Every structure is written in C-alpha cells, then in structure tokens.
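2 protein chains.
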Amino acid sequence: MNLEQIINQMHQEDLDGIMLLKPENITYIAGFRPSSDSILLLNDKPLLLTSKLDINEALEKSSIPVEELQSLKDVKKKIQLGKLGVENSMSLQTYKKLCKDFKIELTDIIERFRVLKSKTEIQNIEGAIKIAENSVKNLSLSISENKAAAELEYNMRVRGSIRPAFETIVASGTRSSLPHASTSSEKIERPLVIDWGAIYHNYCSDMTRTIVNSEEQEEVWEIVLEAQKDAINTIKPGIKASYIDKVARSVIEEYGYVDCFIHSTGHGVGLEVHENPYLSVKNEGKFEKGMVVTVEPGIYLKGKFGVRTEDMVLIKNRAKILTDLPKKLNFHEC
Amino acid sequence: MNLEQIINQMHQEDLDGIMLLKPENITYIAGFRPSSDSILLLNDKPLLLTSKLDINEALEKSSIPVEELQSLKDVKKKIQLGKLGVENSMSLQTYKKLCKDFKIELTDIIERFRVLKSKTEIQNIEGAIKIAENSVKNLSLSISENKAAAELEYNMRVRGSIRPAFETIVASGTRSSLPHASTSSEKIERPLVIDWGAIYHNYCSDMTRTIVNSEEQEEVWEIVLEAQKDAINTIKPGIKASYIDKVARSVIEEYGYVDCFIHSTGHGVGLEVHENPYLSVKNEGKFEKGMVVTVEPGIYLKGKFGVRTEDMVLIKNRAKILTDLPKKLNFHEC
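Protein chains in written order, with numbering that gives the first Met the number 0: chain A, 0 to 333; chain B, 0 to 333.
You can trust all of the hints, since none of them are fake.
Same chains, same names: a pair is fine if it fits in one copy or spans any two.
Simulated crosslink set (DSSO-like; lysine-lysine; CA at most 30 angstroms straight-line): (1) Lys186 to Lys51; (2) Lys82 to Lys102; (3) Lys285 to Lys96; (4) Lys136 to Lys118; (5) Lys99 to Lys75; (6) Lys77 to Lys301; (7) Lys95 to Lys21.
To be clear, the hints were calculated from the coordinates, so they are not data collected in a lab. Everything numeric in this text was worked out from a predicted model, so none of it was measured.
Isolated chain A, as found in the complex (with noise of 0.2 angstroms):
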C-alpha cells in the first residue's frame, strides 16, 4: 500500500478527503484490522479512531496516528472541509447520523487500489493458500460431513486461520449439487466438494476439489477441468475478465451443459475472500498484473450432483497458479 499516491489520486478526482469505515479498507491503510466499529478519516493528515476496546492494540499496531473514537460529533469536527469520499457500503443511518451535512461524493478508490496486490499481499495471500493446503491432507473422509468440515478447520485454526475464510463447504452426494450447500451429519458420500479457505495476516485463500467415483461423474469431472484449463490459459493483461467467463462458458456449452454452470467464473481474492474483479459476463474491466483472482467453473445437475474445480491464480504476463495442490486429491479413505 503506497499511502501518498492513493492520497494523490484521492486529489486528482477531487476529493478532499475519505472515510473510511469498511474493516476491510481500514486493515488496508491503517495495516491493523479493528475488531470494533472504526472510523479511519484520509486526506494529508490520515487518522484512525476506534473505541477503547481496540485502542491499545491499534496504537502498538497501526501505521498511522491513532485516537479514541469518541462520539459522532467529536468525528464531525475532525472532518475537513470540502469534498469528502465515501465508500459505497456506507449503510443509510450512518451517512444521516455522520455526513449528511457534509459534500460527499461515492468512491471506490481504496477498492481500485487493493486490486493491485503487493509483495507483501501476495506473500499473505500464499500463506493463507499454504494453510488451506497443508490442512486437507490426510483428511479422513470416512465419517460426516460436519466431522470433515470441523477437522479441516482445525487444522486450519491451529496453524494460525483466526476463522475460516468463509463458510467450508463439504457437500457430498445430491447435496454437491447445491453449490453453497451448509454441511449436515451425512457420512460424505460420492461425489464430494470440498471448498474452503484460510486466512493469515488478514488476507484469505478459496479452493475447491471434487472427488468423483463413477464414469459419469468423471465425465463432468473431466469437462470441468478443460473449461478451467482453457480459462486459465487464456489469461493475460489486457483481457477483459468477462470474455476469461466466455471461454470456460463455452466449453462447458459444448458438452451441453451451459445451463447447469449457474455461477460467474471467479472473483479476486485478498482482504475479502470475494472481491473485485469479478470473472463475470458482466465484468468488461480488463486484467492487470498484479491481480489474484479464482477460476472455478461448475457444472451442478440438479438432484444428482455437482462439480466444482477451483484455483487462484496471480496475473503476471500469464496467469500464475497459485494454489498447487493436484487436481485429483489423494485422500486417506479409512
């Protein structure tokens, strides 16, 4: 994060200042992860305030000045006169308790920023990919899905995961079909998904692996991997995020399935485990270096079963895979 040339564009699009109050964004200037409801004020004096229960933490933490959160009308005055930016996920109630008598303006300019990772982002994000990888070996998969979920949680806890990136989907049989399936109390069953996600140092990783165990079930196995395969391939700065969409959409199409891929194609992945950009028909933002985004096409036949492959990938002059665990996971079965 290079402070001053946000603080540069922050200017060049006439903002006099920004608001912060996404823990997201403040974790990405302030370098410290609040745990209770912050404000972060961005213009040439940059300040974070949290409450009590975080201030001494953040003053050993943080990386820009920290003081007590004290009452909106204390914040109010702190705000600079002018043009202030606000994050699009400022909720309605705060924007009339806080800024309403303010000039404010939407913007995603911190968003535009943590697009782009860093060294430091990208060593995160390997750490938390490393996590992921190192707890699913030797998973047993002979007991439920809720005991596979919780086994590999913990050994995603122990390893230093605070939570799960997100909700670990472990959903076997005609529940594979459900692509955000919660687990249940099932024995796992054939096929399974298993996706999940760790976190280190407040950056997050997403994968997913099917395990198939009938010729059918090969066959949209195997349809799956040459739509992320032939994605993956395809990208390279400059290509529009929705035409890497197309290209694993049309092979799945060619199979006959396009009906049965009812998800976007991807997403990036940092300080939230879904951001932008979005691998989506939607998306005509093109690729830059420096972007880690998911290429994860699924093929879900209702009441049957589904199957989900899903990589990250660092765009470079190609597309770096970053995850390197094999496609076809070699589980312990007893």
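Starting from the known structure of chain A, arrange chain B on it as the hints suggest.
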C-alpha cells in the same frame, strides 16, 4: 415470527411495503438464510428473490414464495407503489441503484420484532448455548491459545454449529487485558479469558469465563462476579437497559476500577450475536418479557490482566439465566 402482526405494524406506520436485504432479517421472515445476495419484498404478498446459487434450497425451505433474482430492473418492477420501508443498514450504493426512484423511509420494524423472542427462537438459542457449553468441557489448557480455540471450535462444529458465533477469544496472561484479543501461538497462561459462542438453526450463543490463579486476580474476579450478580438481579420488565449498565458499573466503581470497565454491560443475542437491546449507558429503552441478553461486566488492567464473566439471560418476570456453566470452570489441566 407472526407475519400478520408485522404487516399490520407496517401499515400502521404508513408503509406500503418493506424491502429487506439484511440476511438476518430475511432469515427471520422466510425461515431460510440465503448464502448469496437476496431481496425480500414484504407486503401483502411477500416474495423472496434469490440467486441461482440458493434457489433450489430456498424453494424447499422458505416459508414465503420464492422467485429467481434476475436483475435490479426486474426487482424495481415488483416494488409496489407507495412508501417503501428500507433497512438502516442499506448501503448508499444499493439505495442509488435500486431505491432512489421510490419514496423511501428508514425503518427498524423487523429489528423491533426480533427483539422479543418466540418459544422456538428461545429453543434455538438454548440449543446454541448447549452446543457451546458441551464443547468447552474437558478442554485441554496446557496447549497454545490457538490450539485451545481450535479444539473448542472443532467441538462446536461437530455438534452442528456451522461456524463460531464470533471470533473465539482465548486470551491469557497480559493478553487477557485486551477485551477482543485474537488468539496467539503462545502457551496458555493465567488468567485465562475464554469468550465463545455457537450457532444452532441460525441463532447464536455468547458466554465468557475467566480462570484466575493469584490473590489479586481472584479479588478482581470476585468484583466482576458481584457486578454481574447485582445487574442480573436488578433486571425485570420495565427497567431501563441503561439502569442495568449503571448497576454493574457502580459495583465496579465502588472498588475503584470504573475506568477499567471499558465496554457496555451487555447486548441482545438472537440471529445476530450483537443486536438490540444494548445494555449501555445510552439505551433508555425498557426491558420487556421475551428479550434475551448477555450480562458481561469486565475489568481490564492495562499491561497486567483482564477478567470478564458473561452469561445469557431471558427476561421473564425476572431474569432467567439460560447459561448453565459454573462460574469457576473445572478444566482438564493435564
């Protein structure tokens, strides 16, 4: 949840419909928690709009009709003319994209209903408490904070809690003086604060125990317990939430520690782990039968140690304590 009552209240407040986006509010009305962005239009013909990712599960589980969320244009067409209630939490971006052509009014009707728990909701909260309580028994404490949190979360996960209700706190030694400390890889020292909760059928639990082992720590522990007992014994319908905060605070003040009690005395618990009513100095609202709240005074001695004890109570004629763990936990120490 009584839909008819809610709709009546909506009409009484001159709203022709309410648009819900907050997952907990959608869950409250539909009895189903979508995993992807969804919109619930509440009027005389309630409708849940959800994405392809969730639609099959929604069709099976939602108590109100479900349709696929196609586009915002499509949503706009479905909004009844008249005055539309929107949530305080609606983002400025969503407002701009979806609601700016409508006559809107911020409303917290759903949150006001959610404050009073039904029999089923109380059963779910009790289920979440039971999971959390059973999961802490026999926890080994001669390990690292990370590992103890991992074991506790594993125990909750195998019992069906799809995630911890919040980031589990296992903070020991000087780190116990940080009310929201993340776990470390250090071996557990004393005192030890454990603050944890589970989820059962979307409802949360939240409790804290502190284990002390010196005279000074024991003394502080006794003060916190006295503050908690006095607060709980004062709770009854009609009493102001701020008064309960005052009762707890005055006990701690009496012993000279008032500046070390740096958060409010408690909060409501339900579909969210922190929700109304807040037991804070600012909340002039009165307790009513059917509310479920935590009572959790704490004393934090900067750089030394901290103590907090937290239980959950249901407000009936008096406060009925829902949590059932001894205040002094008998942990497995080997």
